[in-house]
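**Q** In case you want the letters, here they are:
Protein chains: 2
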Amino acid sequence: MSEQHIMSAFDRDLQTIQGLMVKMGAMVEEAIRTSVTALETSDLELAEKTRLGDKAIDALEEEIKHETARVIALRAPTAIDLRTILSVMTIGAQLERCGDLAKNIAKRTPLIAESTEIAGAFAMLRNFSGFIEKMVSDALDAYIQRDVAAAEAIIRRDEEADETYNTIFRSLLTHMMEDQSTITACMHLHFIAKNLERIGDHATGIAEQTIYRVSGELPDEDRPKVDVTDTAPKG
Amino acid sequence: MSEQHIMSAFDRDLQTIQGLMVKMGAMVEEAIRTSVTALETSDLELAEKTRLGDKAIDALEEEIKHETARVIALRAPTAIDLRTILSVMTIGAQLERCGDLAKNIAKRTPLIAESTEIAGAFAMLRNFSGFIEKMVSDALDAYIQRDVAAAEAIIRRDEEADETYNTIFRSLLTHMMEDQSTITACMHLHFIAKNLERIGDHATGIAEQTIYRVSGELPDEDRPKVDVTDTAPKG
Chain H
1 MSEQHIMSAF DRDLQTIQGL MVKMGAMVEE AIRTSVTALE TSDLELAEKT
51 RLGDKAIDAL EEEIKHETAR VIALRAPTAI DLRTILSVMT IGAQLERCGD
101 LAKNIAKRTP LIAESTEIAG AFAMLRNFSG FIEKMVSDAL DAYIQRDVAA
151 AEAIIRRDEE ADETYNTIFR SLLTHMMEDQ STITACMHLH FIAKNLERIG
201 DHATGIAEQT IYRVSGELPD EDRPKVDVTD TAPKG
Chain R
1001 MSEQHIMSAF DRDLQTIQGL MVKMGAMVEE AIRTSVTALE TSDLELAEKT
1051 RLGDKAIDAL EEEIKHETAR VIALRAPTAI DLRTILSVMT IGAQLERCGD
1101 LAKNIAKRTP LIAESTEIAG AFAMLRNFSG FIEKMVSDAL DAYIQRDVAA
1151 AEAIIRRDEE ADETYNTIFR SLLTHMMEDQ STITACMHLH FIAKNLERIG
1201 DHATGIAEQT IYRVSGELPD EDRPKVDVTD TAPKG
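In order, the protein sequences belong to chains H and R.
First residue of the first sequence? That's 1 in the working numbering, and the numbers climb one at a time after it.
First residue of the second sequence? That's 1001 in the working numbering, and the numbers climb one at a time after it.
If you're looking for bench data, these hints aren't it; they were derived computationally from the structure.
Hints are supplied without guarantee of correctness; some may be wrong.
[Said to hold, decoys possible] Here are some chain R residues pointing at chain H (derived, C-beta under 7 angstroms):
#1 L1052
#2 A1056
#3 A1059
#4 K1065
#5 A1069
#6 I1072
#7 A1079
#8 I1080
#9 Q1180
#10 I1183
Ideal Cβ positions, reconstructed from N, Cα and C, are used throughout, including at glycine.
This is chain H alone, in the form it adopts within the complex (with noise of 0.2 angstroms):
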């Protein structure tokens, strides 16, 4: 079935919703960088700031909700219509899911600014943190462009985000293990490294609707998946 077809009314009000879905995209990726950033600089105003900065990715997400349902009422869509403007909400519900993890993070910089310093650790989660965002731009990108093939290698990529993670985990566990007094530092660290992760799976989750919104199909949702519980040292 072709792709191609003369711009209807619903293609213009896809359209539309697909332009605030790429504009909350670029304000999670936002969030994303400046939670991080804001967590290695001790820059307690940038963190309020992203906090605050959820707001208007939570009204984004709002305003999708109701204008693909004033599409859906308007247009009756069926079959690749219906799943395009379904997976748009879902996308939708999982990017405001990502600038919550955001915002998250972003709450907990008071605290790693008057913990104790892990060496390295700030490096890891930069790196981390540059990665799922791609992961997360990439991902809009694939849905934007219908390309299945590059949805696929997004949902590939979280097997290495979840390494990365487990590294992470494994790195904060030897830290504790040898210095008592770095515990309370490496469990907010553990908890922002997960919330990364975490933002990765969402990520994966925006790559499973362009699959979901060309073929029709979600793909099994059990992915390989690299899980801590193989390789953390047992306590």
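For chain H, the structure is supplied; the task is to place chain R on it using the hints.
**A** Below, chain R alone, put in the same frame as chain H:
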């Protein structure tokens, strides 16, 4: 405005979808319960059953999404009817997240089964999971009854959930500081406590949908939050 009116075609559709929501809620409550029971009794089979059961929860969310889209397309609801149908869709997404979190608790069972036993930890988690499960159940009841006062009470109960989480966090921290060999087990138990706390956040999100459905306004999301940030021992 009176909520009483003759049963319309829309109302009948809505009852069908709410029926799916209630069914999904019951499955999520069971998943919360069995995930913690499996953990406490080292029951790997029950943990696996809980993990696999999440697929049925996900399938119900898909069904709710499609049914709501069908109703919007067919009835083109406006005002309170549109809010109602969108709120059911949002609750479906919240319950799906709760199911994921319970599944992730179940996945830790093998790991907890082979790590150091932490005195009192299971009892704390069991009580906490009971509290959280009731929050989910009561939030759905309040929604069905359109009971704003009950919904507000659930939103306030989230503070108690946060406090309980903080108590568990501090208790685990104490164990880790007193005895290094408990660090890995405590990290995993902390993850489980955090997941339960997040299920409580989703129950609060469900309660907020009752208020949105009735009033058209979402309560300010920055509800009083007891943050561990203020209370954790500094490391």
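**Q** May I ask you to test the interface hint for R:A1079 with respect to chain H, counting a Cβ-Cβ separation under 7 angstroms as satisfied?
**A** Interface hint status for R:A1079: violated (12 angstroms vs cutoff 7 angstroms).
**Q** Quick check on the hint: R:A1056 CB to chain H CB, less than 7 angstroms?
**A** violated, 12 angstroms
**Q** Against chain H, is R:I1080 within 7 angstroms by beta-carbon distance?
**A** Interface hint status for R:I1080: violated (13 angstroms vs cutoff 7 angstroms).
**Q** If you take the shortest Cβ to Cβ gap from R:I1183 to chain H, is it below 7 angstroms?
**A** At about 5 angstroms, which falls below the 7 angstroms cut-off, the nearest Cβ of chain H leaves the hint on R:I1183 intact, so it holds.
**Q** Less than 7 angstroms between beta-carbons is the criterion; does R:A1069 satisfy it with respect to chain H?
**A** holds, 6 angstroms
**Q** Would the hint on R:Q1180 stand, with a C-beta cut-off of 7 angstroms toward chain H?
**A** For R:Q1180, the interface hint holds, since the closest Cβ of chain H sits about 6 angstroms away, which is under 7 angstroms.
**Q** Does the closest beta carbon of chain H sit nearer than 7 angstroms to the beta carbon of R:A1059?
**A** With a minimum Cβ separation of about 10 angstroms from chain H (threshold 7 angstroms), the hint on R:A1059 is violated.
**Q** Can the hint on R:K1065 be confirmed by a CB-to-CB distance to chain H that is less than 7 angstroms?
**A** holds, 6 angstroms
**Q** Does the CB of R:L1052 sit less than 7 angstroms away from some CB of chain H?
**A** Cβ of R:L1052 sits 9 angstroms from chain H, so the hint is violated.
**Q** Restraint: R:I1072 near chain H, CB-CB cut 7 angstroms. Satisfied or not?
**A** With a minimum Cβ separation of about 4 angstroms from chain H (threshold 7 angstroms), the hint on R:I1072 holds.
Hint compliance for this structure: hints 1, 2, 3, 7 and 8 are not met, and every other hint is.
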